[in-house]
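As you go down the protein sequences, you meet chains R and Y in turn. To convert, take the position in the first sequence, counting from 1, and add 15; that gives the working numbering. To convert, take the position in the second sequence, counting from 1, and add 15; that gives the working numbering.
Watch out, some of these pointers could steer you wrong.
Same chains, same label: a pair holds when it works inside one copy or across any pair of copies.
Here are the simulated lysine-lysine pairs, BS3-like style, with alpha carbons at most 30 Å apart [to be verified]:
| # | residue 1 | residue 2 |
| --- | --- | --- |
| 1 | 18 | 308 |
| 2 | 308 | 266 |
| 3 | 38 | 417 |
| 4 | 126 | 417 |
| 5 | 266 | 18 |
| 6 | 18 | 417 |
| 7 | 266 | 161 |
| 8 | 266 | 126 |
| 9 | 417 | 308 |
| 10 | 308 | 340 |
| 11 | 266 | 38 |
| 12 | 340 | 417 |
| 13 | 340 | 266 |
| 14 | 266 | 417 |
Because the hints were derived from the structure by calculation, they are not lab data. Since the structure is predicted, the reported quantities are computational estimates derived from the model, not experimental observations.
There are 2 protein chains.
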Amino acid sequence: MSKSIGILGAGIGGLHLALYLQKQGIAATVLTDRAPEQYAATRLMNTVAHHSVTIARENELGVNHWDDPQVVYHHHDHFFNFPDGGLLFRGAFQRPSRAVDYRIYLPALMKDFEDRGGLIEYASIQDDDIPALVSRFDLLVVSTGKGALGRMFAHRPELSPYTRPQRLLCVGLYDGVDHGSPDDDDPRGVTLSVSPGHGEMIVIPTLSFGGMKTALLMENIPGGDMADLVSLSYDANPAAFRQTLLDKLEKHHPHTYNRIDTHRFGLAQPLDLLQGAVVPTVRQSWVAFDGDKLAIALGDVHSVVDPLMGQGANMASYAAFELGKAITDAVAFDARFVEDVDRARENRVLAAARWTNMMLQPPSEAMGRLIFAMSQDRELCDEFTENFNYPERQWDRLASDKRIHAWIDRSGRIAA
Amino acid sequence: MSKSIGILGAGIGGLHLALYLQKQGIAATVLTDRAPEQYAATRLMNTVAHHSVTIARENELGVNHWDDPQVVYHHHDHFFNFPDGGLLFRGAFQRPSRAVDYRIYLPALMKDFEDRGGLIEYASIQDDDIPALVSRFDLLVVSTGKGALGRMFAHRPELSPYTRPQRLLCVGLYDGVDHGSPDDDDPRGVTLSVSPGHGEMIVIPTLSFGGMKTALLMENIPGGDMADLVSLSYDANPAAFRQTLLDKLEKHHPHTYNRIDTHRFGLAQPLDLLQGAVVPTVRQSWVAFDGDKLAIALGDVHSVVDPLMGQGANMASYAAFELGKAITDAVAFDARFVEDVDRARENRVLAAARWTNMMLQPPSEAMGRLIFAMSQDRELCDEFTENFNYPERQWDRLASDKRIHAWIDRSGRIAA
């Protein structure tokens, strides 16, 4: 059968799919409005860690240009800023994770795709372009939600519990934050720092322009003491922004504050700041058009999560591979095809959404017990950490209080 | 965790599950209102063929008491009673299928379960017994739709396209029908005979009381020339019933009529006749109760199909094993548990429903082409036949006209 695939959007989902199909000899055309040379002058897009399952896919595609022991990291440090003293503990990955600025990552993969003969068309897609795109390709993959494209896919309320953002984000790349203590045998790690009632901060060693920087992904609870950072202007007064930030970090995230060299601390570049918020949303995975054609949603268009658990990009890459396999095997692009794709991807993709949505809520008593158990039981925390690769396994352990207690008890028995 | 499982209903789904759990050392209690010794005096319950995947499960359970070359069969003969001459062709299974009267089969498996220490409680379940059953067991499996039990599980309209029966059934066990021509090297097979506009007849060599009989499963289209058989009384006038049947078979199903010895032909026993109809229905797979308990639907309660494609019992057995595995692995009986069960069983179970529902419709042009292609291409018809074991594969090939054409074209290319 004819398999001409149009991919709208050049994010990780669209590019991993394009590169996957290219390897299979299937014609894929990527459509995007941003040329590779424009990325360097673009505002920070996100702060994304690729876990080892995603890096394995990059290796399979031959696009892992950052296989560097000075970039990857091996553990999560968990810090809870409890009033009666901080709780600090660690969980390790079996294989390392890695964060590269998407303003470096995406254009590199676009170049890989083009160098290998892939076609990227640079144009802004308007709403009334959609019918022509539908008729041009055998299958349209929508991996950008801009304009009418995202709205084509209906909201699934049963999987989208929130109607407003649960966190107000203030995300930046900073100089002057140590990635660990000098006496640590594994000095580079991510820190998941929690200030109860105020929110979380994810601290990620990130390769950006000019080398290694530190992403501070602040996930602030509306109404909490950190919430105003979502709209505090850096450009109006960089020094005031910096001082406000330092004051709040000292109070709410002291474990990270203590790793800051206040003389060197500051935003790496003026564009390295992103403020905003996400409403976690799952959408229908496909739309049918007249003439027997369909469009399928990939990545954030299908399920957009709050960045708290770092799952969005990893899920987009995972889903791109599952979609790529299904396209390769397809005998028809019809409703059954979409069912096959969803059966392949939804367990993991929806588990990432549910797990993240759960973690946006104040911890239940069972979750509180798990946090304490992980602080005492390294193997348990290692498993929790490794499951950032496998959200469906994490959800198998967290989906109900019964499961959380069973997990703790099982781990305790093994330890005992 | 505590795993005390209550199974309501002693059909194939309930018994295969009970026997499966028994093998795993998990306590299962079967509740049914019919004692083993009552089955012999019961009206014919159905006419069911077990395909090889189901027989393999029986072997795994150690309950295949009918591993007899004189009972099993190896092929399907397809006959179409076209006005300008019949079309006859054959497809073979890779491993044989087998039909045993459920009035023999079910009590034998009940005895197996009890002989191995299993508990069957004989009582009629009333609506107001349900709360006590819910609290008595850790998990309630509902595999009988009698009374309020089936109604607990809501109808899923998006998977249940019909609101009334598509066929009026007249099903019986008969003497006097040859199972094949004497010059046939594989004389025992099932015949799928189609009288366009009037319905289908499935002819199944069946082990019943007194040895091998022939099931005539007449699937008559409402308004067609055979439809009245659903209410024609045998008891009022057996001879008239017999003659009406012979006349209609001669006209609509001549390939089978020609195998009838009219001197010997007749219902094997007065109770060997079942008349009625089925509304194909898919239901929600679970119900939650107060106190953190749930009931899960199995077999016909989950998805009841018209018997046309012989899928109901095979799906109930398949789903029983998937449920049994999930119970064995479970850390909690919660919503995630049901999701796991559904993810394991639904692709096959729903494909059986969809495929059967499609075959209840007049054939599309693509399906007409497939019938003709199968009549010319034995390998294609063998694949169609083998897929009675794997409805999800059948549905992968039949779910849209595009798929049907692709299947025919692929098969043609291989043949050429």
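Quick rundown of the hints versus the structure:
no., hint, result
1, 18 x 308, "within (12 Å within a copy, 48 Å between copies)"
2, 308 x 266, "neither (55 Å within a copy, 44 Å between copies)"
3, 38 x 417, "between (44 Å within a copy, 26 Å between copies)"
4, 126 x 417, "neither (49 Å within a copy, 36 Å between copies)"
5, 266 x 18, "neither (56 Å within a copy, 48 Å between copies)"
6, 18 x 417, "between (47 Å within a copy, 14 Å between copies)"
7, 266 x 161, "neither (38 Å within a copy, 64 Å between copies)"
8, 266 x 126, "neither (44 Å within a copy, 71 Å between copies)"
9, 417 x 308, "between (45 Å within a copy, 12 Å between copies)"
10, 308 x 340, "within (19 Å within a copy, 39 Å between copies)"
11, 266 x 38, "neither (51 Å within a copy, 59 Å between copies)"
12, 340 x 417, "between (36 Å within a copy, 19 Å between copies)"
13, 340 x 266, "neither (49 Å within a copy, 50 Å between copies)"
14, 266 x 417, "neither (35 Å within a copy, 63 Å between copies)"
Of the numbered hints stated above, those contradicted by the structure are hints 2, 4, 5, 7, 8, 11, 13 and 14, listed in ascending order.
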